[in-house]
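Student: Letter by letter, the chains look like this.
Number of protein chains: 2
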Amino acid sequence: MKQDKAFVKEITPQSEDFSRWYIDAIKKAELMDYTPVRGCIVFKPDGFELWERIQAAMDKRFKETGHRNAYFPMLIPESFFQKEKEHIEGFNPELPWVTEAGGEPLEEKLALRPTSETIIGHMYSQWIQSYRDLPVLINQWANVFRWEKRTMPFLRTSEFLWQEGHTAHATEEEAREETMQMLEIYREVVEQELAIPVWKGQKTPSERFAGAIDTYSIEAMMKDGKAVQAGTSHYLGENFARGFEIKFLDRDNQFKYVHTTSWGSSTRLIGAMIMVHGDDRGLAFPPRMAPTQVVMIPVGPMKLREQVMTAFDPLFDALKAAGVRVRADLREETPGWKFNEWEMRGVPIRLEIGPRDVENGQVILARRDTGEKVTVPIAGAAEAVTKLLEEIQQNMYDKAVAFRDEHSHLEIDTLEQLHAHIAACESDKKPSGWVLAGWCGEDECEAKVKEETKFTSRNIPFDPPVEKKTCITCGAEAKHTVWFARAY
Amino acid sequence: MKQDKAFVKEITPQSEDFSRWYIDAIKKAELMDYTPVRGCIVFKPDGFELWERIQAAMDKRFKETGHRNAYFPMLIPESFFQKEKEHIEGFNPELPWVTEAGGEPLEEKLALRPTSETIIGHMYSQWIQSYRDLPVLINQWANVFRWEKRTMPFLRTSEFLWQEGHTAHATEEEAREETMQMLEIYREVVEQELAIPVWKGQKTPSERFAGAIDTYSIEAMMKDGKAVQAGTSHYLGENFARGFEIKFLDRDNQFKYVHTTSWGSSTRLIGAMIMVHGDDRGLAFPPRMAPTQVVMIPVGPMKLREQVMTAFDPLFDALKAAGVRVRADLREETPGWKFNEWEMRGVPIRLEIGPRDVENGQVILARRDTGEKVTVPIAGAAEAVTKLLEEIQQNMYDKAVAFRDEHSHLEIDTLEQLHAHIAACESDKKPSGWVLAGWCGEDECEAKVKEETKFTSRNIPFDPPVEKKTCITCGAEAKHTVWFARAY
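So the protein sequences, as listed, match chains A and B.
Just so you know, we're using our numbering here: the first sequence kicks off at 1 and counts up by one.
Just so you know, we're using our numbering here: the second sequence kicks off at 1 and counts up by one.
It is worth saying that the hints were derived from the structure and are not from the lab.
One thing to keep in mind: the hints can contain errors.
Claimed, not checked - Here are the computed lysine-lysine pairs in the BS3-like style, where the Cα-Cα straight-line distance is at most 30 Å: (1) B:K63 to A:K63; (2) B:K28 to A:K63; (3) A:K60 to B:K226; (4) A:K256 to B:K27.
Throw the hints in and build the complete structure from the sequences for me.
Tutor: What follows is the structure, given as structure tokens:
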């Protein structure tokens, strides 16, 4: 098994260097490649297909809840950013600017959108006149730009792909319902389709979206214990409505500002999926997201291959007919090499079939998530595969929940204890994970945690495992119970 | 019928001013809106949904022929454009440039992609080493930029949406087959789904894509007689392979340049669909593309509405269950207003149902394409609707073919005759249409036609209705038979 060893050496073990493992795994599996453009990656076909599946899962739910897609210009005039003060402060340092076009300097420079509240706010001010025009429920799939200093493939790149929903409502109540509805859709997609458990909660004021009244997020734990913000939903109040004069004549004949929301999720979900489910063998995809769900590999001596194929081909067709995303690997490489290859690429089920299996009317199903093998009759194999895929989906979610809970620390009450916890984890080379802490609500207390430990507040969970009583920094009475963690 | 008159006045008749008609119709139907960003439009939900349907029809066929989607950076370093000489000459005048980002000037300025041969060529040079890596069959859905002087919604905008396929092959033969295969897919989608007849053919050298060996196109006639290039497919030979050093080790152990192709279609197809099928009542969509295929409108006195709804609701459900995109208009406006409204929005079938219809167990189907009304039994209405939708699809295509052929002129042999033809059409206020002309193959003869008449060569059709014998300009023997027309 010389190939085997060579193979394993190519991916750095997670425990040795998690970031290196991540880069090794996604490069080797050909999900992405670096480019000569600073901080921009290529989404190669296997990486892009993951995004297509995430898109389909999200888009379906957006449409079911009455949203429609539209497309707004990518270039945003500089003056638009001035109309919401916090917004420009938040995004200005990260903007790339077009200053010349068609051989001439522009009169007003144009930003590459970091998000589209401004241009969409401007258009809404022209489209909305009356309560009859409300609500406006629009989503956009688009590329956006944030010129980040430090980048990480999928998780943080200068250009990325996302969806941004932008809605306008007659009342605060309705806008707040929308904000929560979309957060719940994110939770559902990420938990049910990507098999990633998340905490729904509210961002602290210091972590709010630039220009929002309230920001809510779903937060997920990676296998190195760090957090990824996997989706955000903002109640923007009248902030953008006032900046862009989005007013309507209400039923009571009064002109009023609309209440707007925005909500976004992005290609960083690809990165999260890899960091939650991958292991030292490489990637592992939950069946609902996997580009290939089952790889069929014939085994046994070549001279008996023809016999094997008489059972192989009809089974391939049967799986396809059952709606399974199946792929046959008939290349000349050894079965051992192929097993490694498809494990590394994260395929949930490997189906092995050799001459003896054909004689016995059976096949072997090998699970990527547990490594277990089961033997099933060929006759009912399609059904068995379909069932096993659902079982794997559930098991991957359950495993992620168990990992998360194991690395969630509920007993840390002071900064000293947090320091001690981090030191202990570092000496044991274990993830320091997340810490549930009380917080008095003062910005300085939150900032001090970050300053001293690099743990930042993730969110104030709606439904925390316990309620904390005292502020982790000052010891005063806690107003909120907050997840703190290092984050991507 | 006061509303009726007011309504008709809002859309300029096609015969009076076709461009005004176009803008009036798409604005009134809320397909798009202008923005403060020069030459950029908003694709509003009803416009964007057309693009989603075009995307789905194309993407399905791309995948069936073995292509996969990927995503490459939008920003392209200036130096990349230098690597293919004709390419930079062709695109340089139209490029917008990012010159600063993150608060600092860039060392090398970055173009907003007008097309992606360069960045993709660069990546392919790293991915392709051996004949085993070929072919590479990748497509990208993306926004692109061409800073045009004169813009027209959907047909020519500074930013637009498109797909661009980029493939690399071991041999010229295979690359040329790919070029033709994709041209055929464009023809199929545009004729079968958009109900627009096209001529497949080759572009003359002066109209070739910048950097291509051969460019092929499908060309469609609008209702004002002008042409729209509805899709192009390029055989690029080794041009980009040499510029970007895309080489592979072949089976014969020789390093060789790959042969590449590229092919694209864009949101201008939305504009073409409107200009081919629309009329003085507004838009008209072929059933396979229509966001709404059937609008159901209850008629008759309000006091009998309840009775109508007992038949209306189950029929709505039955149509939905049959896979029809159906919409019910239960607003308070008069039936007459609604009829106009949905005709203007291009819905193929209006389904009317009143108290007497319910008594007689029937409904009325009114066709957008012919204005005809037919009465069908409620019991079989879903089936009748499905069948009628197919009939309308075919009829709209046939009508477009008849219009095109009527405005295709095969008998014009000299520039003098062309001048006379144009003058006659102008005095009759008729579209001058297309002219099939002989061409000797000299650039000057082609240029002279354009200079004198604004008719440009569209393509050299593979299968012209007749073969022309002499050059329209110089009278020498014709090497090619060419479609000439004014074009968008």
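Student: Looking back at the numbered hints, which does the structure fail to meet, lowest number first?
Tutor: 3
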